[in-house]
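Top line first, the protein sequences correspond to chains A and B.
Following this note's numbering, the numbering of the first sequence begins with 1 at its first residue and continues without gaps.
Following this note's numbering, the numbering of the second sequence begins with 1 at its first residue and continues without gaps.
Hints may contain errors.
As the list makes no split between identical chains, a pair holds if one copy fits it or if it spans any two.
Unchecked claim - List time: in silico SDA-like cross-link candidates among lysine to any residue, alpha-carbon distance up to 25 Å: (1) 21 / 130; (2) 22 / 107; (3) 22 / 72; (4) 21 / 73; (5) 22 / 108; (6) 22 / 92; (7) 22 / 53; (8) 21 / 72; (9) 22 / 74; (10) 22 / 73; (11) 21 / 107; (12) 21 / 102; (13) 21 / 116.
Derived by calculation from the structure, the hints in this document are not laboratory data.
Keep in mind it's a predicted model, so treat the numbers as computed, not measured.
Number of protein chains: 2
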Amino acid sequence: MKDERTRAFDLDAPVRRYITKKLIAVEHDSTVQDAASRMVEFGISSLAVLRDREVVGFFTDADIKERVVAAGRSPAVPVSEIMTTELITADVTEPIRRILDLMSDHRIKHVLITEHESIVGIITLRDVVDMERRRLETYIAGE
Amino acid sequence: MKDERTRAFDLDAPVRRYITKKLIAVEHDSTVQDAASRMVEFGISSLAVLRDREVVGFFTDADIKERVVAAGRSPAVPVSEIMTTELITADVTEPIRRILDLMSDHRIKHVLITEHESIVGIITLRDVVDMERRRLETYIAGE
Numbered sequence: 001m002k003d004e005r006t007r008a009f010d011l012d013a014p015v016r017r018y019i020t021k022k023l024i025a026v027e028h029d030s031t032v033q034d035a036a037s038r039m040v041e042f043g044i045s046s047l048a049v050l051r052d053r054e055v056v057g058f059f060t061d062a063d064i065k066e067r068v069v070a071a072g073r074s075p076a077v078p079v080s081e082i083m084t085t086e087l088i089t090a091d092v093t094e095p096i097r098r099i100l101d102l103m104s105d106h107r108i109k110h111v112l113i114t115e116h117e118s119i120v121g122i123i124t125l126r127d128v129v130d131m132e133r134r135r136l137e138t139y140i141a142g143e
Numbered sequence: 001m002k003d004e005r006t007r008a009f010d011l012d013a014p015v016r017r018y019i020t021k022k023l024i025a026v027e028h029d030s031t032v033q034d035a036a037s038r039m040v041e042f043g044i045s046s047l048a049v050l051r052d053r054e055v056v057g058f059f060t061d062a063d064i065k066e067r068v069v070a071a072g073r074s075p076a077v078p079v080s081e082i083m084t085t086e087l088i089t090a091d092v093t094e095p096i097r098r099i100l101d102l103m104s105d106h107r108i109k110h111v112l113i114t115e116h117e118s119i120v121g122i123i124t125l126r127d128v129v130d131m132e133r134r135r136l137e138t139y140i141a142g143e
């Protein structure tokens, strides 16, 4: 019985329970270099991009590698030229299982989280592994 | 009983069982731009760096962001100037649980895998999530 409850909790619990971090953002006209510095400062691997207080794009370590360095572009270009505009999101009320599916199906490492259709947070691949690790610790502690 | 075996399998199984990818490498005198292009070509987020056929360093998306773009350095510098030389490894005979511990304790996304003290492969944060997903699918299929 304990096992069933533990397992049900993991996958069917709403995303809301697992959002631990605020989403960090930069303005659309920031340079790629400034955006990269901000990511380093906060120890994160993705950023939201804002225009008129609205999230208009998303920007990751992989974009810096692929669309700037490998492509031979200058880090002085604005993030708006590099960002991804197709945002992949899940609602806070959806089960955590949905996050795993999105990350696997789209080969992405970050899913933006929405509530009432506004973006309110983010869940990363690392968050998923950290959750798993906590689940294991809880299981071991309960043995 | 089935539950116990499934859980034991996951964490105590040797790392060997989970290595699915070859480690991709570049020579130490490759430029950062060439290394980034190679990572894009293979769809990977890290590379081993070789000198005289030996792995002397490791290079990731995060290094490109932090030590090249945020630091304002040219992508024409050799990877040897940017790479991490302190390699974090696990042996193929160690349990998969050890990989989770290393990724969490060192805040890293890639662990190099050794066999008889030679580097033979890599396990990434994504691999761990993919394993977890397969475990869940197996569990669901077995219900």
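Violated hints - listed by number, lowest first: 3, 4, 8, 9 and 10
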